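Sequences listed follow chains A and B, in order. Heads up, the first sequence is in full-length UniProt numbering, so the first residue is 1 and it goes up one at a time. Heads up, the second sequence is in full-length UniProt numbering, so the first residue is 1 and it goes up one at a time.
Errors might be hidden in some of the hints.
Claimed, not checked - Computed, partial: chain B to chain A, Cβ under 8 Å:
#, residue
1, D2
2, W19
3, A23
4, L24
5, A62
6, A250
7, R279
8, A286
9, G341
10, T343
11, L347
Everything labelled a hint here was simulated from the structure, so no lab data went into it. Computed from a predicted structure; not experimentally measured. Note that CB positions come from ideal geometry on N, CA and C, so glycine has one too.
Chain by chain, the residues:
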Amino acid sequence: MRFRPTEDQRALRRGVRELLEARCGRDALRARGARIDRALWRELGRAGFFSLRLPEAEGGAGLGLPEAALVFEEAGRVLLPGPLVATHLAAGSVPGAADGTAVVTRVDGGLVPWLEEADVVLGDASGAVPVRSVDPLTPLHRVASGPPGGPEPQAVPPSAVLLTAAEQLGSAGRTLATAVRYAKEREQFGRPIGAFQAVKHLCAGMLVRTELARAAVYAAAVTADPVEIAGAKLLADEAAVQGAGDCLQVHGGMGFTWEAEVHLHLKRAWVRAELGQPAARSEEVLAAAL
Amino acid sequence: MDLACTEEEEAFRAGLRHWLSTALPALPPRPPPGDWPARRAHDRAWQRALYDAGYAGVHWDASPTRRLIFLEETEEAGAPYVGANFVGLLHAGPTIAAEGTPEQRARWLPPILRGDEIWCQGFSEPDAGSDLASLRTRAVRDGDAYVVTGAKVWTSHAEIADWCELLVRTDPEAPRHRGISWLAMPMDAPGVTVRPLRTLAGSTEFAEVFLDEVRVPAANRVGEENDGWRVTMVTLSFERGTAFAGEVVACRRTLAALARTARENGRWDDTVLRRRLGRLNAEFRALWRLVQFNVAEAEATGGVPGAGGSVFKLRYSEARRELYDTAAAVLGPDALDLSRGWTIDRLSSLSYTIAAGTSQIQRNIVAERILGLPKER
Ligand SMILES: Cc1cc2nc3c(=O)[nH]c(=O)nc-3n(C[C@H](O)[C@H](O)[C@H](O)COP(=O)(O)OP(=O)(O)OC[C@H]3O[C@@H](n4cnc5c(N)ncnc54)[C@H](O)[C@@H]3O)c2cc1C
């Protein structure tokens with residue numbers, strides 16, 4: 001059983017992490033706001049972020065969904081903004097997507113993220129109206145969606161669902177690490193708060209959800225099975241949304257500030273949970289497979 | 001990152017599958033839970049069949065991947081799990097294999113593998129549960145034997161066991177963890193009294209074991225005197241590692257049966273219930289992937305299952321309870337009928353967050369050993 005990232009995959013992950021950490025520091029992220037940094041987008045293109053899965057003959061790296069999942073996990077960890085999944089998926093079909101000279105977005109359920117910043121919009125965005133987005137780093141538009149409970153008219157492909165789940169996984173890992181670090185530093189009653197069992201058990205719960213989501217996301221990346229992908233999305237959404245909420249709780253009053261990073265993770269996790277197959281649809285897919 | 005098995009592993013799977021298809025039809029039906037002599041005979045016969053076919057030692061010497069294939073295929077085929085052989089195969093055996101002398105290994109391991117001898121685990125005491133290191137059962141050296149006095153509790157399979165892996169205090173003056181020794185105690189020794197305890201499911205799965213000046217040969221001590229705590233930790237990591245992995249496969253079969261029943265009785269049309277079943281599908285698929293991930297980790301690092309087992313156990317024990325609560329929602333009023341198998345299973349599922357270390361203790365382990373948070377004391 002070789003169900004662990006290989007040496008090459010770990011090297012890829014390290015490289016992406018270094019690149020993103022240099023570019024997505026806290027201040028850079030906030031200064032940019034809901035705008036796409038075109039220079040960074042092209043740099044991502046040069047680094048192969050979008051063309052990763054294209055054949056080498058077409059200028060890609062010829063890699064697969066597992067590698068893409070690892071890369072998107074890193075993107076989620078640092079809150080990298082922009083329609084990353086849509087542009088990545090368009091690399092083989094929309095000119096400029098592969099090398100990061102074009103920004104591609106997609107109508108996803110009843111939402112269109114980054115509509116005004118995008119060069120190309122996939123799907124029917126006619127009549128889209130702007131939303132005051134809950135996530136300050138993700139502009140959103142609404143389009144009319146189908147009847148409630150009916151089939152999603154503008155559903156996204158399974159690989160997009162999987163990569164969105166991978167971003168959620170990265171976010172869950174980050175909020176866990178942030179909570180644990182704070183729990184070791186912050187002292188009350190003369191002890192690090194992480195010595196208190198109530199705090200300890202919150203953190204343990206975060207780890208359990210994250211590790212279960214990791215196994216689900218990595219396995220779904222290997223099998224590319226739509227049912228397994230639905231399960232990965234469901235569990236990664238849970239890990240990201242609840243993880244951010246628990247991280248906030250561990251930070252006390254500090255967690256409720258605009259200043260702290262945790263609200264950005266929570267809000268992005270809410271957005272991603274709605275994109276690329278929300279929980280109710282994932283559950284229906286999984287139920288139908290029983 | 002890959003889920004494929006090697007050719008040899010696939011050959012192992014194919015051979016096992018073929019053998020199961022011939023061996024299982026010959027197996028007599030499972031005896032009722034209350035008939036202990038019959039259960040003992042049944043579980044021994046199955047272990048003997050595994051032995052004759054060359055599969056008895058899979059839990060000990062096969063690679064983690066083969067162990068997983070074994071669990072997957074036997075569960076998939078509906079074969080019995082370890083049953084009364086649990087402690088011998090998954091606790092005492094591995095401990096003796098790792099820590100015993102050549103004579104001890106020769107004495108105890110072959111009968112475990114053949115299914116000849118049944119073991120039980122005498123760790124917990126009335127005043128030492130989660131805080132196992134506070135155990136008080138005393139063992140005083142007298143010539144070439146220990147004289148053991150005390151009480152053990154929640155001892156599973158004690159009624160039918162031949163041997164007990166027993167934790168005793170050999171040095172009451174030493175710091176708690178350093179005065180404990182590990183003994184193999186024959187259950188028919190004079191002074192051993194077993195009083196079965198009835199569980200909430202109605203049957204007597206575990207017992208109280210009273211020890212009144214029981215003489216246990218010193219040669220039955222595994223590991224050094226007063227080093228029993230370390231010896232025990234070896235055993236516990238086996239228990240939390242892959243001991244429950246096969247049950248995930250069984251849970252997935254139960255889930256499929258639940259969905260069938262819900263479609264038949266109309267409850268499938270209840271959106272909330274249907275989605276709950278869908279979520280459980282995600283849960284048990286992912287738990288199986290987590291097992292595979294942990295196995296790959298163990299294989300790569302060459303170690304015994306580590307704290308990753310606690311992560312798995314935490315989530316699995318909760319998922320199992322949710323599975324049978326959902327079964328009750330599917331059954332409706334029939335969930336109150338004890339002649340429904342799922343009703344008994346629902347009751348049994350309540351032990352999973354307690355046995356083999358409670359969920360609270362597992363969370364402490366995860367927080368302190370994996371996340372490095374400060375110790376409580
Ligand atoms: C079905 C079953 C089979 C078993 N089989 C065996 C067997 O064969 N051999 C054997 O030796 N034992 C066996 N056990 C015993 C099992 O290991 C213990 O029940 C378990 O370790 C808990 O100990 P306890 O029952 O004394 O509960 P306690 O330790 O008294 O715990 C009571 C409650 O307090 C909580 N608690 C305790 N300490 C802490 C802490 N530090 N932090 C937070 N919460 C805490 C616990 O989580 C629990 O909720 C079995 C138990 C069951 C249910």
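Evaluation of the provided hints:
For B:D2, the interface hint holds, since its Cβ comes within 8 Å of a Cβ in chain A; the closest pair sits about 5 Å apart. Contact between B:W19 and chain A, as hinted, is not supported at the beta carbon level, the nearest pair being about 22 Å apart and thus beyond 8 Å. For B:A23, the shortest C-beta to C-beta distance to chain A is roughly 26 Å, which exceeds 8 Å, and the interface hint is violated. Hint status for B:L24 relative to chain A: violated, with the closest Cβ pair at about 25 Å, above 8 Å.
Annotation: B:A62 was flagged as interfacial toward chain A, and the flag is violated, the nearest CB pair being 12 Å apart, outside 8 Å. The beta carbon of B:A250 comes no nearer than 15 Å to any beta carbon in chain A, farther than 8 Å, and the hint placing it at the interface is violated. For B:R279, the suggested interface contact is upheld, since its CB lies about 6 Å from the closest CB of chain A, less than 8 Å. A cut of 8 Å between beta carbons decides the hint on B:A286: the least distance to chain A is about 4 Å, and the hint holds.
Contact between B:G341 and chain A, as hinted, is not supported at the beta carbon level, the nearest pair being about 19 Å apart and thus beyond 8 Å. The beta carbon of B:T343 comes no nearer than 21 Å to any beta carbon in chain A, farther than 8 Å, and the hint placing it at the interface is violated. Annotation: interface hint on B:L347 violated; nearest CB of chain A at approximately 24 Å, more than 8 Å.
The structure is inconsistent with the numbered hints 2, 3, 4, 5, 6, 9, 10 and 11, although it conforms to all the rest.
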